[in-house]
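Undergrad: Given the coordinates of chain E, assemble chain L onto it according to the supplied hints.
Line by line, the protein sequences are chains E and L.
Residues in the first sequence are numbered consecutively from 1, following the working numbering.
Residues in the second sequence are numbered consecutively from 1, following the working numbering.
Don't take each hint at face value.
Which copy is meant is left open, so a pair is good if it fits within one copy or across any two.
What the hints assert, rightly or not - In silico SDA-like cross-links for lysine to any residue, where the CA-CA straight-line distance does not exceed 20 Å:
(1) Lys179 with His290
(2) Lys179 with Leu295
(3) Lys439 with Pro32
(4) Lys179 with Lys292
(5) Lys150 with Gln220
(6) Lys22 with Gln111
(7) Lys150 with Arg12
(8) Lys463 with Phe215
(9) Lys242 with Pro477
Derived from the structure by calculation, the hints contain no laboratory data.
Number of protein chains: 2
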Amino acid sequence: MVLADELAKQQRSISVAEFFEKNKHLLGFDSPTRGVITTIKEAVDNALDACEEAQVLPDIFISIKKVSNDIFRIIVEDNGPGIVPAQVPFVFGKLLYGSRFHQIRQTRGQQGIGISAAVLYAQLTSGVPTIVISRTGAKESAYKCEIQIKIETNEPDIISQQPFEWDRIHGTRVQIEFKSTMSAKKKLLEYLKYTSIVNPHARFRVELDDEAFTFERVSQEVITCPLAVKPHPHGIEFGQLKRMVAASNQKLADFLMENFSRVGKKTAQEICDKCGLKATVKVSGLSADHLKAVLAAMQDVSVPAPLTTQCLSPIGEELIRRGLDKEFQMDFVTARTRPASVFSGHSFVVEAAIGYGGKLPPEGNAIILRFANRVPLMYQQGACAITTCISNVNWKLYNISQQGLPTGPILILVHVASTNVPFTSESKDAIASIPEIEKEVVLALQDLGRDLKLFVSRRDKNKVAEDRARAVCAIIPEIAAKVSEIVEKPLVDTTPIEGKLMRKLIAKKWTRNGKVTIELSNYTGQEGEIAVYDISSDNAVDALPKPDFVSEMDNQFTKVWKASVPPQTSWRVSYTGKGGGLLDIRGIDDNKKMVVDLDV
Amino acid sequence: MVLADELAKQQRSISVAEFFEKNKHLLGFDSPTRGVITTIKEAVDNALDACEEAQVLPDIFISIKKVSNDIFRIIVEDNGPGIVPAQVPFVFGKLLYGSRFHQIRQTRGQQGIGISAAVLYAQLTSGVPTIVISRTGAKESAYKCEIQIKIETNEPDIISQQPFEWDRIHGTRVQIEFKSTMSAKKKLLEYLKYTSIVNPHARFRVELDDEAFTFERVSQEVITCPLAVKPHPHGIEFGQLKRMVAASNQKLADFLMENFSRVGKKTAQEICDKCGLKATVKVSGLSADHLKAVLAAMQDVSVPAPLTTQCLSPIGEELIRRGLDKEFQMDFVTARTRPASVFSGHSFVVEAAIGYGGKLPPEGNAIILRFANRVPLMYQQGACAITTCISNVNWKLYNISQQGLPTGPILILVHVASTNVPFTSESKDAIASIPEIEKEVVLALQDLGRDLKLFVSRRDKNKVAEDRARAVCAIIPEIAAKVSEIVEKPLVDTTPIEGKLMRKLIAKKWTRNGKVTIELSNYTGQEGEIAVYDISSDNAVDALPKPDFVSEMDNQFTKVWKASVPPQTSWRVSYTGKGGGLLDIRGIDDNKKMVVDLDV
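Here chain E stands alone, though its shape is the one from the complex:
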């Protein structure tokens, strides 16, 4: 068959850059708007990660400017630690290059693809090289570098590189120009709003053509940078173990203790015993079958769960609540941080929050905010395991209507923090369906659902009680009239009963024997200062207590008392006069007060 030889001639190696140039949608460059957001997101991720590593409060400047008909210039500048000149070409001009891929800790960037993908997209669409300026400290000069990527080899192509006068002491500035059709303003502001919810320590300044926006930091505390940990013995696969062993000249027990987290002397000995090997055997001499036995023993012995406090950085219930309160007006909001858990050896923590009512749109699907490692996920909601989990929860159990997603004035936030977030593609927009993660998300949501149900049912119960009380109050005066007729006694004042039933503040005013009395009775259970306005022809000079304020106009005197009336107590003022006029109470909801002027 000659054909096989012919086919062989067509076989070629494909560079990663070529691959992603052809499949740029995998990196989040499938539409012009999304390209803008993806680029900014990747640059901001890098900036926040770098500031975290340097323990600096992030101050990030973003600019989008249309430079010609269809070319947009995007600038992202940070005050991070900077990048040494020798590394700049690789960080920006080579796909699959980075510092965070091989570390086991929570970081925003984790693939070594992000920002170089934007460089690739720029050179493909506009042909303009990316400009990077970076400075690593006051004693160092800043450097400016023009970079592209050699597509066939995925190696950096340095167009120019030279020292540069820069007023920043440390930081990095990237300038990327590519073809687009719009500046994606709405989506960008949404992205920054969500980013600042989960990064309260960061400050963002944005210039969009001629408009400027600022997202101020609300916390002055730098986030503790998560520390890298060693792999957990339960999360290791054969191929990895083989490579680790090949790179080691240690004895088995030492190898286990030094290369894996949570393995101490006792556990190491247990593993050796279980696989029938001596603790002192050199790992480099072990055969494949021996290694399989070691691996099986590692899975078999009980090892404490991975340490997560070091390597993960969840946001925390308090900060999530505060972040949401700042951006959304809601009647109710509650958050949960679940205990840490593990999938395929990667630690993760799920956090979730639910908000209800207030200014949320009363109809339609719930608002869903998805986050991974403190980065908002802006696209592909339908493809995300978080969305699937939200749909899979039976919200009707919590008295929430549901059509796939829950509907009504509801907001749901889910944050997955992990040493390795399993995204569905390199564009990092959706979390893949991993059973362990899905389980945790569902548990968090069910927990929040129960809280929400309690809130809504209490609110509803209050409403039912109030309706009943109103019905009773409506007939009390009639009953009283009937009773007074039968027992032939004067009609009693029923307002206190009404006040008690309705949990209101009752203000009464009456005049007897030339003495005017105003009385407040607080049945609301609510504290606070109340202002009593009494407008009549009486000047109330002998009033006790004295009014806080008196004014006169056309022989009508306005007297104002500021009264503090704790729940279940009364307050009273008397003065000589004829009564009548107008009584008003301020400082309390209209539906919580009842003003009864017995003189009128």
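TA: Then chain L, alone, in the frame of chain E:
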């Protein structure tokens, strides 16, 4: 800042193999079942592609065998053209290597990742090298090769390589062993069922532990192998043009004509005129600004749409209908192949089909079959643009109930064939949201929706008409009796009226003067051969026409006539006899016939 130097030390290049080892879910290896299906799918894709290139009818053998507690051995063997020994290590032992990535034509494999990803997964989980046997023709010896991948460099690691005695003349056999928990039988059979619907020329034999299954080919015609085409001038980006120019020493007009499809002398000259360059200028000397002008001119001039008949291979409406008919019993099925269209310079064709009723489940969501380049998409239905399109169509317009997806006894098939299918990830399970493709899918579905609505409404109308006719028929005999009483004439036979109203086939038998007559009248509007069974004591030796078959038992003679009765015509047979006995009509639905034996 010392920090930048420290951070620089952590920077490292990441090999593609490392990247996908860590992100194996991107390749479809996130669960053990899915790993099995992904591996078989990739191997079968390669086999079908290779057979198509060799113009061979594919004969593919698949085996899954549990070899130990958690290790499964997967074998896929084809009768394709084989792979030359020197290429085997690269095809199987290097990610991003292949013959189809750089070609513009419809192929199943397109990334050069698939099968080597399975090799990677095997060495990670079981540590067992993959065994490949291949032979390229009768004159060549077969070769056997044991392969792994060097993770750090993404280069093949050849464990062994030697000639091998093999009874096949040409073909390839892959044997991969990895850790899994189950053999995924149900999903695999589903995958093969769908694959054979769209590859009617392929034959699959499967051995699953101790069971064997065969999916026979239903067509003996090989599929024409799509031919590679040149890029279309409207689908080119700046970066690509720059690279093409750098590799050429041609004059501008020649360069345009020879490197792009649909560009002839006239169009080339038009482009030159538009960008103000001479047709004879050497492209290698053009500046970036000149190239931008050329690119703009290329977009500006009108060029015929890309040729798609060569490079695409849609299934066709007829074959889709036949494929579905074979696998599903439905009352109605119709298919559409849309005209070819283009996104980002890639040609594509959308095909769709809709089936209704029959043995489809009467409730629940519609059954959705998704295909891309003749490959069934088995996972991530929710993440696929096809699913989104199906949900976005307003099915209520076509009297189909809908809850997101349409519901009821409905099956929807969508096939996207393209020179570059935009998948959402390397696992090739879902199509990304590309507006041009989504538009075509929606148009196809709306078209099919209209057809379905017509069918359902006709069926309903028929039902109403039938109900009415039945009501009328019920009183006809009574009316006839009344009339015959009034006019004092004998009762007439009303069955022909009934037959006409009910659109039935009427079979009547009567005996007069020692002569038996059987008469069929076809009011159904339906053609076809009908069998008349007449069982009585008459031997009917003088019957005209003669019976096609006669048998005798206990003095009862069974006479069978095969009669062709076109609509609105009658057929008749007579013989000497006493009549009586049993008359039966076969070859027509029970509710379409009416047998009246006037002797009984």
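Undergrad: Each hint needs a verdict: does it hold in this structure or not?
TA: Structure-based check of all given hints:
1. Lys179 with His290: For Lys179 and His290, only the inter-copy Cα distance (17 Å) is at most 20 Å; the intra-copy one is 56 Å.
2. Lys179 with Leu295: This pair counts as between: shortest inter-copy Cα distance 13 Å, intra-copy 51 Å.
3. Lys439 with Pro32: between (36 Å within a copy, 18 Å between copies)
4. Lys179 with Lys292: The answer is between: 12 Å across copies meets 20 Å, while 53 Å in one copy does not.
5. Lys150 with Gln220: neither (42 Å within a copy, 47 Å between copies)
6. Lys22 with Gln111: Answer is both; intra-copy 19 Å and inter-copy 10 Å each pass.
7. Lys150 with Arg12: The answer is both: 17 Å in one copy and 18 Å across copies each meet 20 Å.
8. Lys463 with Phe215: Intra 39 Å, inter 66 Å, cutoff 20 Å: neither.
9. Lys242 with Pro477: Neither: 88 Å inside a copy, 91 Å across copies.
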